[in-house]
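Using the hints provided, position chain B relative to the given structure of chain A.
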Amino acid sequence: NAGVTQTPKFRVLKTGQSMTLLCAQDMNHEYMYWYRQDPGMGLRLIHYSVGEGTTAKGEVPDGYNVSRLKKQNFLLGLESAAPSQTSVYFCASSPDYYEQYFGPGTRLTVT
Amino acid sequence: AQKITQTQPGMFVQEKEAVTLDCTYDTSDPSYGLFWYKQPSSGEMIFLIYQGSYDQQNATEGRYSLNFQKARKSANLVISASQLGDSAMYFCAMRVKGAQKLVFGQGTRLTINP
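Protein sequences, first through last, are from chains A and B. The first sequence finishes on residue 112 if you use my numbering, and the numbering steps up by one all the way, no holes. The second sequence finishes on residue 137 if you use my numbering, and the numbering steps up by one all the way, no holes.
This is chain B alone, in the form it adopts within the complex:
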């Protein structure tokens, strides 16, 4: 069975600082994808970044990067130069190849202070 663990229920960061949101995963399948989604207070789920299990380099999308450490089974999201608009819930998710569902973690609520 697949499992995602996000151990930080809440984080508070000063504007313009970098922030790392932790995510560890558990699967015995060698082929999988890791995803991060942002959920602002308005409720929609916004896709941020994707990392495949066979990707050699860490994924980056603008201010978002994914620190992928396969041996440790971790896929931490790094947000550089945080902005007030980054305040939201952040979910880590995993999808095993061949399976349809995304398995989500419980989320981390990020608050950016001015």
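For reference, chain A alone in the conformation it holds in the complex:
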């Protein structure tokens, strides 16, 4: 049981480049989330999904898109990366109202 995994762990992009972050969970959870964590701050929700084929905007969705084509995967896309998107990105999944299980994080730097 791997839990929540994220790919890649580190990435450096140039301004304007695009990329996709992959989150996978093997716990059969319905709910999945993408957060970002900036220095000295807690996590802020970017987008989330309440089931396969569904997505919704969170607190800071601008500049990001997501897709949930399969229940176990939740993809986060940056179409045109900006330095303001330099952050650590966490994926999480949840079976219900209670705790969310987090992945190890992806450290993204945009130069």
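Don't read these hints as lab results, they were simulated from the structure. Do not take every clue at face value.
[As the list claims (entries may be wrong)] Once the Cα atoms are required to be at most 30 Å apart in a straight line, the calculated DSS-like pairs of lysine-lysine come out as:
(1) Lys58(A) - Lys26(B)
(2) Lys58(A) - Lys120(B)
(3) Lys71(A) - Lys39(B)
[To be verified] If you want the footprint, here are the derived chain A segments under chain B, 3+ residues with CB under 8 Å:
(4) 39-46
(5) 73-86
Just so it is clear, CB atoms sit at the ideal spot from N, CA and C, and this is done for glycine as well.
Same frame as chain A, but now just chain B:
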């Protein structure tokens, strides 16, 4: 809107002492959950403890307990008999029933001195 406030940016404690990390919250919703997460230097977020707004007793998980004072809207984390491995960032978070997101505080960096 929901808000979590952690007023202690950093705390330094001697090993084996108990430590209390403060958390106050703000919501008008009567049904909510409060969570504490630990983030060690390796970066992962580790769930520690959960308290529901209707729970009559304070939550406990091993050396962790949550001092829940509903009238004061506080949900302080108490770590008994601190260990060197407890050194980490600690985040308080809240989730209102029916909402999907966790709202996080800014965190408290705890350092345990030998």
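Status of the hints after comparison with the structure:
1. Lys58(A) - Lys26(B): Within the cut-off at roughly 19 Å; holds.
2. Lys58(A) - Lys120(B): Holds, because 17 Å separates the two Cα atoms, which is no more than 30 Å.
3. Lys71(A) - Lys39(B): violated, 47 Å
4. 39-46: holds (count 6)
5. 73-86: This one is violated; 0 residues, fewer than the three required, reach chain B with a Cβ under 8 Å.
Hints 3, 5 from the earlier list are contradicted by this structure; the remaining hints agree with it.
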